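If you read the protein sequences in the order shown, they are chains A and B.
Position one of the first sequence corresponds to residue 955 (this note's numbering), numbered consecutively onward.
Position one of the second sequence corresponds to residue 69 (this note's numbering), numbered consecutively onward.
Just so you know, these hints were derived from the structure itself, not from any lab.
Since this is a predicted model, take the numbers as computed values, not measurements.
Don't take every hint at face value.
What the hints assert, rightly or not - Keeping only pairs whose Cα atoms sit at most 30 Å apart, straight-line, the calculated DSSO-like set for lysine-lysine is:
(1) B/Lys181 to B/Lys221
(2) B/Lys73 to B/Lys141
(3) B/Lys434 to B/Lys311
(4) A/Lys1288 to B/Lys316
(5) B/Lys100 to B/Lys139
(6) B/Lys122 to B/Lys221
(7) A/Lys1227 to B/Lys139
(8) A/Lys1076 to B/Lys110
(9) B/Lys388 to B/Lys422
(10) B/Lys122 to A/Lys1301
(11) B/Lys82 to B/Lys95
(12) B/Lys489 to B/Lys453
(13) B/Lys601 to B/Lys489
(14) B/Lys110 to A/Lys1288
(15) B/Lys204 to A/Lys1149
(16) A/Lys1068 to B/Lys541
(17) A/Lys1301 to A/Lys1009
(18) A/Lys1069 to B/Lys181
(19) A/Lys1227 to B/Lys388
(20) B/Lys422 to A/Lys1030
(21) B/Lys122 to A/Lys1260
(22) A/Lys1076 to B/Lys181
(23) B/Lys506 to B/Lys181
(24) B/Lys99 to A/Lys1068
(25) B/Lys388 to A/Lys1301
(26) B/Lys73 to A/Lys1149
(27) B/Lys506 to A/Lys1068
(28) B/Lys489 to A/Lys1030
(29) B/Lys181 to A/Lys1227
(30) B/Lys100 to B/Lys110
(31) B/Lys73 to A/Lys1068
(32) A/Lys1260 to B/Lys110
(33) A/Lys1260 to B/Lys95
(34) A/Lys1227 to B/Lys95
(35) B/Lys269 to A/Lys1260
(36) B/Lys489 to B/Lys388
(37) B/Lys316 to B/Lys453
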Amino acid sequence: MNVGWSFLIFLVLLLIPWVGVGVLGLQGLFVTVIPYVCFLIFIVGLVYRILNWAKSPQPFKIPTTCGQQKSLPWIKHSRLESPFNTFEVVLRMVLEVLFFRSLFRNLRADLQGKKLIYGSAKWLWLGAILFHWSFLIILIRHLRLFTNPVPSVIQFLDYMDSFIHSFGVPPVYITDILIIAGLSFLLLRRLVDAKVSYISHGSDYFPLFLILGIVITGVLMRYNLKVDVYAIKQLTLGLATFKPVVPEAKIGTIFYVHLFLVSVLAAYFPFSKLAHMVGVFFSPTRNMPNNNRADMHVNPWNYPVKHLTYAEWQERFREAMENAGIPIDEEAEKEEHEWYTIYGPNKNLNL
Amino acid sequence: MSLPKPDELISDVKLHSTPAKDWMEIKPELKKGYYLSIVEPKYLEELDLPHMGKWQPYDEKWPLPDDWREKVKEELQRRLRINRGFKLFMDICVRCGACADKCHFFLGTGDPKNMPVLRAELVRSVIKGEFSTFGKLFGRLAGARKLDEDIIKEWFYYFYQCTECRRCSVFCPYGIDTAEITMMMREILLELGIGTDWGIKPVHNSYYIGNHVGVPPQSFKENLEFLVWEFEEITGIKIDLDKYINRKGAEIMFVPLSGDYFAEPGIYTMLGYLVLFHYLDLDVTMSPFATEGGNFGFFNSLEMAKRLHSKIYDEAKRLKVKWIMGGECGHMWRVWHQYHNTFFGPIDFLEVPKSPITGTVFEHAKSNKIIHIVEFTADLIAHGKLKLDPSRNDHLVVTFHDSCNTSRGMGIFEEPRFILKHVCNNFVEMPENTIREKTFCCGSGSGLNAGENMEIRMRGGFPRANAVEYVHKEYGVNHLACICAIDRAALPTLFQYWVPGVEVGGLHELVANALVFEGERSRDVDLRRRPLKTPVKGVD
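Pulled out of the complex, with its shape left as it was, chain A reads as follows (with noise of 0.2 Å):
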C-alpha cells in the first residue's frame, strides 16, 4: 500500500509538468519560479537541519569502538575502528562517507535447524555505493551546463564517463547505466526482501521513485527524444547567473518534466530521510574520538545530583563495621551539597 501511494503521488508529481507546459503553457513558472523557489528551500532546509543539529548538544562522548583501543603501548590499536584522535577520527569518516565502510561490514543471518550461520551480505553495499557515487558523478557532470566556459576538470569527467564510444552517438555514460542498475536494485530489494519491505514506508519508496524519474527523463533525453541542447543550456546558465531566460526555441516537454523532479527534489531533501547526506557528518558513535579516559568531554548540561555521602552512609553500618573489624573513619564528615534532579517531584532543573 506504501509503495502504491508513493507511486500515485509520483505520477501526479509528473504530471504537473506535463500539464503545466504542455498544455497551459507556463514554461515561465517552471523554468524560472519554481527552480529558484526550490533551490531555495533546499538550501534554506539544509542550512536549518544543519543549525538545527548542531544546536543541541552532544553529551556524551560515545564512539561505537568496532576495533582495538588505545592503552599500552606495546598493543597495536585500530586507528581506523577505534581512533584515538581527530586523524585518525577524519579518516574514519572519510571512510564512512566515502566508502560506506560500515555498510562494508554487513552479514546475513540464516538459521538452518537449530544453527545460527552467517555469511557475506556485500549486495546492499554494492547497490549503495553504485547509486551514490554515480549519482555524484552525474551531478558535478550537469555542472557543464552551468558553467560557460566548461572548466577543464568537468569536461575531463564528462569525457572519462563516456569513454565508452562504441555505442554510437551520443556517446553512453557508464554513470547512467550504473545509477540505474543501482535504483532498481535498492527499489527491488525494498520490494522482494520481506523484512526490509516490512520497515518500508511511503517515505521511502518516494525518494526512489522520484530519483528513478529523473534518471529516466534524463536518459530519455540524451539518447531517445532528443532536445534543443543549446537552448537548454542557454536556460541553464541564465538560472546559474540569475538571469533567467525563457528560450524561445521549443525544448521538449521531457526537460520540463526532468527539472520538474529535480526541483521536487531539492525541496523535498532537507526534510526526509535523504538529510542523512548531511546527517552522518554528526553521528556521534562515529565522529568522536575513542579518548574519553584521556581527554574529558564536556557535557554543558552536566548537573550535581543527590548521592549519599560516606558519612550518612557509615552512621548507619558503625556498629556492624565495628563488630566486623572494618575501619572506621572518624574524620569522615556530612556534608550538604548542592543538586538538582529532572525527575518526579523534586524536578527542579529545566534543560
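Starting from the known structure of chain A, fit chain B onto it as the hints suggest.
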C-alpha cells in the same frame, strides 16, 4: 518457570518472513516470560523518583498519570533538545535494513519489532506524528502515528527487550545506536513512574548499601574472608584481608563488582583479584561503601547512573589514594570509560595511573585516572612480572566471550586475549562473526537478568550460546572466560539451557589458577576444586 525444550523454543523463529499485518496495526501483546515485573512504589519513592502506585504490566489498564501524554511529549522534546545523538538518530535512518538481523533478540524471537530499525521506529513514528508537519500531513505514509496508551505498553515491552549492546550500531551506515534510543526511552518511562523490579532494586541497594545485591559491609568482608580461607585451604597461602578494606593512604583504590563476591562463579574472579594483589604485595585497598563498579542506574537513567557512581570518586578522595582500578565488568566499563570523565571530571585530585610494579604510566587514562585490571595485568605479564604456569589450566579448553560493552563501548580486545594466551594452553576462538566488535550479548544485560523474563533471556542469548555450542562440539571447549560480571551471572543459566558442559568464569580466576607462588604446597585441584590435569608439585 518452565521453558519448552531448547529445540522447540526457537522453532517459531522465522528470520525471512514477516507478519501479514503492518507493524503499526499490531497491538502490543505482552507475553509472559518476556517482560520484567514492576517495582514496589516505595523503592522509587525512596530514590526520589515518580511512581504509578502498585500495578503490573499484565494489568489491562495501566495507571498512567493524568498528564501522561503531555509529559511524554515534553520529555521527548527535551531529549531531542539536549541530546544531539538522539535527535540525529531519530532523523536520519533510511531504513536500509542492514541492522535487521544483527540484534540477538531478533535472531532469537523473529519478532520484527526486535529489528533495531523497528525498535527505533516505535519512537520515531511518534516524533513524526506529534511534532513534524510532514508526519501530521501524511501520517502512516510518512511512517507517523499519534501517541496512545498502547504505545506506552509497546515501548515498555520492546525497550526492555534491548540490552543496549550496540551491535546494530556497528553495522549501521550512519552509526545509529539503538542503545542511545533505549536509554532515552527508559528515561521517559521512568518519568512516568515505570520502573522495573530488577532494574530499580539494585539501584536502591547500590545507593543506600553500596552495591547492587545489597551486601552490607560486614557481609562483604565475610564473603572475602571465606574466599581467602578457601584459598588457604587449597594452596596453604594466607592472604591478609585487612589492608584491602577501608585503609587510608593506599596507592590504589580497587572497585570490585558485587556479582564477584556474591555468588558462583563470580567469586572465583574476586578471589583471582585478591590472589594477584597478594602475589604482588600491591598497595591497594577497597572502600566498603564503593563496593560496586557496575551501575544499574545506567539502565534506568543517566542521572541515576551519575548518582550511583558519585561515591567512587568521593571514596577515592576520602581514602587518599593516587588512582583507581576497576574489576572485570561490562557495562561498568562503558560507564567508566565513556561517561565518568564527563560526569565527574576534571579529576584533579588523583594522579595519572602508574603501575608500581612495572613503572608503566597509563597515558590513555591520564585524564580520568581509572584503569581496567585487565590492562594492569596485561602490562604485568608483558614485563614478565608474573610467574605463570599455563599448564595449571590444562583441564580447561577455554574460549573467550567479548562482552558487548567493553567491546563496542571501549575496545578492549587484545589485552584479555594476551592474558589468556599466557595463562592457559588451550584457547579457542568462537566463529569470527560472533566475536570482537561483532560479539553477541548474553541476552541478559542492561537489567534483564531476572527470573520472570527467562524466556526472552534464553531467546536473546541464543546466538551467543549457539556459537559456544559450535566450539564446544568442535573443539571440546568446556570453559568460557569473560570480563563481565553480568555474563558470569547470566551465562551459566544460558549454557545450562543451550549447551550444558561449558562453565563460565572471569579472566582473573584463570590468572590466579596459573600463578606460581613461592612456598606453595602441592595440590591437585584448581581454585574451584576441579581436578587438575597435572597436579602442582609444591615445596612440602
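Taking the earlier hints as the rules, which of them does this structure contradict? 2, 8, 19, 25, 33 and 36
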